[in-house]
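Listed below, chain by chain, are the residues.
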Amino acid sequence: MTQRFLGAGLALFGLAIVYLSLQLPAPIAATRIQYGAGFFPIILGSVIAIAGALLAVAKTALVHEEEGDRYALRDFGKPLVVLIAALIYVFFSQQIGFLLLAPVILTGLLLLGRVGWLQALAIGIIGSVVIYIVFAKFLLVPLPLGLLTPWSGWI
Amino acid sequence: MMDNVIAGLGLLFQFDVLVVIVLSGIFGLFMGALPGLTATMAVALLVPVTFYMDPVPAIAAMVTASAMAMFSGDIPSVLLRMPGTPASAAYTDDAFSLTKQGKAHVAMGICLLTSAIGGLFGALILATLAPPLASVALKFSSYEYFWLCLLGLTTTAFMISSSRIKGILSLALGLFVATIGIDPVSGVPRFTFGSPNLIGGLSLVPIMIGLFAIAEIFRYYARREQPMRLEQNAIKGVFEGQGKILWKERRSIAQGNVLGTTLGILPGAGADIAAWISYSVAKRFAREPEKFGKGSTEGLAAAGAANNAAVSGGFIPSLVFGIPGDAIAAIIIGVLFMKGVNPGPTIFLNNPQIVYAIFGAFFLANLLLIPLGWLAIKLSRLMLTVRLNILMPIIFIFCLVGAFAMENTISAVGVALAFGVIGFVLEAYKFPLAPFVLGVVLGPLLEQNFLSSMMKSSGNWMAFIDRPIAAGLALLTVLIWLSPAIAAGIRRARA
Chain W
1 MTQRFLGAGL ALFGLAIVYL SLQLPAPIAA TRIQYGAGFF PIILGSVIAI
51 AGALLAVAKT ALVHEEEGDR YALRDFGKPL VVLIAALIYV FFSQQIGFLL
101 LAPVILTGLL LLGRVGWLQA LAIGIIGSVV IYIVFAKFLL VPLPLGLLTP
151 WSGWI
Chain S
1 MMDNVIAGLG LLFQFDVLVV IVLSGIFGLF MGALPGLTAT MAVALLVPVT
51 FYMDPVPAIA AMVTASAMAM FSGDIPSVLL RMPGTPASAA YTDDAFSLTK
101 QGKAHVAMGI CLLTSAIGGL FGALILATLA PPLASVALKF SSYEYFWLCL
151 LGLTTTAFMI SSSRIKGILS LALGLFVATI GIDPVSGVPR FTFGSPNLIG
201 GLSLVPIMIG LFAIAEIFRY YARREQPMRL EQNAIKGVFE GQGKILWKER
251 RSIAQGNVLG TTLGILPGAG ADIAAWISYS VAKRFAREPE KFGKGSTEGL
301 AAAGAANNAA VSGGFIPSLV FGIPGDAIAA IIIGVLFMKG VNPGPTIFLN
351 NPQIVYAIFG AFFLANLLLI PLGWLAIKLS RLMLTVRLNI LMPIIFIFCL
401 VGAFAMENTI SAVGVALAFG VIGFVLEAYK FPLAPFVLGV VLGPLLEQNF
451 LSSMMKSSGN WMAFIDRPIA AGLALLTVLI WLSPAIAAGI RRARA
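Chains as they are written, first to last, in my numbering: chain W, 1 to 155; chain S, 1 to 495.
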């Protein structure tokens with residue numbers, strides 16, 4: 001994706017904000033002003049649309065833009081795995097539970113960083129348990145127990 | 001006043017608070033020393049833990065961690081030619097050149113002592129300027145606050161970013177994020193798409209964890225790892241001959257202190273920019289400009305002092321107006337709000353002892369920097385052997401749990417993740433993140449002050465420039481907007 005595509009995407013996003021803001025209700029008479037809930041977002045949407053369009057169409061040298069980091073497509077592979085792991089956590093941690101899911105994700109990410117199998121497994125389990133103790137026991141954060149709920153008295 | 005000072009210091013000098021300060025100092029030193037982990041990330045990661053503390057230890061922990069991380073970012077600059085935090089990037093070549101000349105101890109000593117001097121100077125300005133400024137700010141109404149917010153956002157987007165379009169886009173996106181949720185004036189839900197999780201708007205802390213921690217983790221996995229190679233064995237004699245060096249570089253240090261504090265006060269500038277600007281100003285007026293980039297102690301002293309001074313200075317607008325100077329201050333302000341301590345001029349009336357405890361924390365953190373920093377230099381070889389491929393996944397799990405801990409909802413983890421992706425994309429295309437963050441923080445203030453001003457004046461725009469301070473702030477804001485056109489006009493006239 002080049003910067004031009006990003007600019008075009010942002011321009012469309014800005015237009016979408018303007019469109020959605022126009023659907024918001026008109027100002028309430030009691031406030032005695034003519035600016036409703038959509039006033040501020042319409043300005044922001046317009047700024048995003050115009051600046052995005054400028055980024056998309058203007059010549060790079062003209063707007064003194066730096067193109068940014070050069071990532072090859074394959075460089076996105078590992079971050080994508082991390083993202084999927086996090087999404088799995090978001091969608092399944094309540095059902096499976098932190099103590100079962102976190103060691104799997106942590107070990108997986110350690111392996112992704114080319115840590116040896118045994119070391120990854122050990123750090124995955126110990127690291128997750130330490131984080132669980134700090135947050136769930138000391139800071140009393142209700143981390144989900146999931147499948148381990150029947151044994152909640154023991155954990 | 002003295003009673004408040006004593007009460008404030010009493011809150012600070014308690015055994016458990018001091019333990020928190022030392023521990024967070026060690027944490028900050030460790031985070032800053034590892035390339036790829038920034039001072040902002042250190043502070044963002046501290047939030048879930050400090051969430052459960054009283055206001056004073058929570059703020060003291062964050063202030064200490066940021067000051068320590070700002071210095072320890074210099075350690076890998078000296079040893080590896082790899083800045084630990086972006087604020088150390090300005091003078092990495094000079095620091096490493098000294099190492100190649102066999103003077104790593106000199107470079108480390110200058111970085112450590114000028115960091116402490118810069119931080120203490122900024123703290124002194126904070127403690128002397130903030131109370132009188134606050135008494136002026138008490139007279140401010142929504143008109144002045146509107147212009148102050150707009151001025152802050154303007155300096156962020158216009159003056160700081162290398163690319164103006166990207167600065168404006170980043171700012172507008174941040175402001176848009178702040179509009180999600182119930183509109184405070186009309187009570188209408190905006191951009192919530194019927195989701196109950198979005199009704200209350202997006203919380204700052206998961207956004208910060210996403211932008212500064214999760215995005216960094218994505219970036220770590222996206223780049224091909226470079227092996228680290230340590231140039232130096234043990235570092236001895238850090239303080240040897242430093243008295244003479246500091247006296248010789250007194251002008252650079254003074255300039256770094258003043259520039260760093262001033263730039264810190266400007267919203268959006270922060271420590272990174274302060275270090276770069278101070279370095280280039282020092283080069284322009286240097287005794288030996290040819291040495292810059294090749295081991296200049298002048299450059300190292302000027303920029304080393306500036307970045308720590310900026311951290312302290314950045315807290316002035318936060319405390320006095322409730323308007324943060326940079327991303328770190330924005331996080332700290334968010335924490336103060338969560339604890340029911342609202343920053344702004346009224347904090348000086350309602351919670352004066354907390355204000356003096358915060359001043360004390362800045363002094364204490366920068367004094368502690370010298371012994372703890374010295375220890376970090378001694379242990380630097382050990383710290384730099386920590387492998388990021390082990391640390392990053394652990395930080396990742398910490399981020400997931402930390403985001404969850406703020407609201408005890410899984411949707412906060414989703415928010416952190418979404419902003420991790422947004423932060424990764426924005427940084428990959430060199431969009432500055434500071435305008436985005438300040439947009440999120442200042443957006444509601446800007447909108448509310450605008451609408452309440454309009455209601456008070458029954459829609460009369462002239463009311464915005466009726467009062468002298470409001471008119472002055474308005475003029476300054478408009479001048480900054482017009483600055484590109486004015487600069488172009490001057491260039492044309494000269495040609």
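Hints are computed from structural coordinates only; laboratory data are not their basis. All values derive from a computational prediction rather than experimental measurement. Glycine residues also receive a C-beta, built at the ideal position from the N, C-alpha and C atoms. Wrong hints could be hidden among the right ones.
To be verified - The list that follows gives simulated cross-link-like pairs (lysine-lysine, DSSO-like), each with its CA atoms no further than 30 Å apart: (1) S/K339 x S/K100; (2) S/K291 x S/K456; (3) S/K103 x W/K78; (4) S/K236 x S/K283; (5) W/K137 x S/K244; (6) S/K430 x S/K294.
To be verified - Stretches of chain S that chain W covers, calculated by requiring three or more beta carbons in the stretch to come under 8 Å of a beta carbon on chain W: (7) 57–68; (8) 77–89; (9) 182–189; (10) 271–283; (11) 304–311; (12) 386–393; (13) 401–412.
TODO: Examine the region 271–283 of chain S: at least three residues should have C-beta closer than 8 Å to a C-beta of chain W.
DONE: violated (count 0)
Task: Residues of the region 386–393 of chain S with Cβ under 8 Å from chain W, three needed, outcome - done: Since 6 is at least three, the answer is holds.
Task: Stated coverage of the region 77–89 of chain S by chain W [criterion: 3+ residues, CB within 8 Å] - done: Violated: only 0 residues of the region 77–89 of chain S have a Cβ under 8 Å from chain W.
Open item on the list: Against the 30 Å threshold, does the CA-CA distance of S/K103 and W/K78 hold or violate the hint?
Closed with: Given that 30 Å is the threshold and the Cα spacing comes to 39 Å, the pair is violated.
- [ ] Could you grab the alpha-carbon distance between S/K339 and S/K100 and see if it respects the 30 Å cut-off?
- [x] Answer violated: S/K339 to S/K100 is near 48 Å, above 30 Å.
- [ ] Establish whether the coverage given for the region 182–189 of chain S by chain W is satisfied; the threshold is a Cβ-Cβ distance below 8 Å, and no fewer than three residues must meet it.
- [x] With 4 residues close enough to chain W, the hint holds.
Open item on the list: For W/K137 and S/K244, compute the direct alpha-carbon distance and say whether it is at most 30 Å.
Closed with: violated (52 Å)
Task: 30 Å limit on alpha-carbon distance, applied to hinted pair S/K291 and S/K456 - done: Cα-Cα ~59 Å, so violated.
Task: Claimed coverage, the region 57–68 of chain S by chain W - three or more beta carbons nearer than 8 Å - done: With 0 residues closer than 8 Å to chain W, the region 57–68 of chain S misses the three-residue bar; violated.
Task: Restraint status (C-alpha distance of S/K236 to S/K283 at most 30 Å) - done: It holds: about 29 Å lies between the C-alpha atoms, which stays within 30 Å.
Open item on the list: Just to make sure I understand the rule, a stretch counts as covered if three or more of its residues have a C-beta closer than 8 Å to a C-beta of the chain. Does the region 401–412 of chain S meet that for chain W?
Closed with: holds (count 5)
- [ ] Can you take a look at whether the region 304–311 of chain S is actually covered by chain W? Rule is 3+ residues, C-beta closer than 8 Å.
- [x] Three-residue rule not met by the region 304–311 of chain S, so violated; n is 0.
In summary, the numbered hints that this structure violates are 1, 2, 3, 5, 7, 8, 10 and 11.
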